[in-house]
Amino acid sequence: MDAGDLWRLALLVVCLGLSGFFSASETAFIALPRARLLHLVRSGKAGADRVSHIVQRPERFLATVLLGNNLVNTAAAALATVLALSLISNPGLSVLAATFGVTTFLLLFCETAPKNIAWRRSESVALKVSRPIRIVEFALSPVVTLLQLFSTFINRVLGISDVTSQMGEEEIRTMIAAGAQTGTVEAGEAALLEKVFRFGDRQMREIMTPRPEIVWVEQGDNLDAFLTVYSENTHTRFPVFEGSMENVRGVLSVKDVLSGMAEQESNSALAVTAYLRPALFVPETKSVSETFNVMREGGHSMVLTVDEFGGIAGLATLKQMMAVIVGQMGEEGVAPEESVTALGRDAFRMDASMAISDINEELELEIPDGDYQTLAGFI
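Mapping of the sequence shown onto the numbering used here: residues 215 to 593, in sequence order.
Note that these hints are calculated values from the structure, not bench results. All clues given are correct.
The calculated PhoX-like cross-link candidates involving lysine-lysine, where the alpha carbons are at most 25 Å apart (straight line), are: (1) K409 to K533; (2) K259 to K329; (3) K500 to K409; (4) K329 to K342; (5) K533 to K469; (6) K342 to K259; (7) K500 to K533.
Pairwise CB distance ranges (calculated): (8) L577 to A249: 28 to 34 Å; (9) G261 to I539: 36 to 42 Å; (10) R370 to G393: 35 to 41 Å; (11) E575 to E522: 23 to 29 Å; (12) A488 to P247: 56 to 62 Å; (13) G397 to I539: 21 to 27 Å; (14) E460 to E385: 42 to 48 Å; (15) A401 to L321: 37 to 43 Å; (16) A405 to F364: 46 to 52 Å.
As the structure is a computational prediction, the values presented were derived from the model and not from experiment. Glycine residues also receive a C-beta, built at the ideal position from the N, C-alpha and C atoms.
Take the sequences, apply the hints, and build the full model.
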């Protein structure tokens, strides 16, 4: 082996190393979770901005990697062939040896091994190779630009949109579920996050107190009559009606009444209308999250729901809405009752007013949707 062969051998090693570099780079950037990358950028991780810049232009990145990989693989094959011809006198055997040797080495050490490592350590690999990739991209920019233009032309001919898909709610929920299975997200945290998503999916009629269970106060009642109602039903707010329950005049807050009585501004004979607050009405089909935002912006703690005919369907409070996420909350010093109590094998005790969606979640059932919202309606 002369000096020329040694140089060719050295160049062959460099080409094989670059082939592994390009293979690892491609896999690392593809495998790196976008949510993790966003976290790295926001936390100021060194190199994260550079990685983000590359990821935001996937067509250019892929063109750079594929062009670089093909160049070094072709060069490696040519160098190996020249070396084989120099070392083996039989031309046919030398070409066969070079082809088999380079193909095997590329497959094992320049494709399989680098990609496996990059897949398992996508974050660290992407951060380390981002700077060299930018240098290669700059060096090959004229050819890369031509490849991009060709790719864009082909996409237009085939009617392929350039718009990249965005991560949606289902993808995020899948990531949370996967994190819970692998142990990276605690089961309790995963359950809470799932309930946050369900907060936006559920409608008011699923969580509201139905009309027959509402405790009403009549507009003509005085404070004595109201306090009697309050002593029997320790709610913090009561809807007030006049004549018919369809004619809601407002909402009476216990806090307002007690504050007025403490300041000696009222007497027990005073009508409840002196402390009425405006009532908020929303359709029973409105989502819980939308209603929550409306209540927060308007400073309301209770909302009345109306059906498709404009009649009062029920009411809901902020406490009921928060229970969608954190579960039922008991009164001061009193633990909440269990929503479902197991009585034996396949036997449970639960409130008939419990929502079907809650029963499905609690017992992992699949009761289908229908013209009912609660267990009582289903039965």
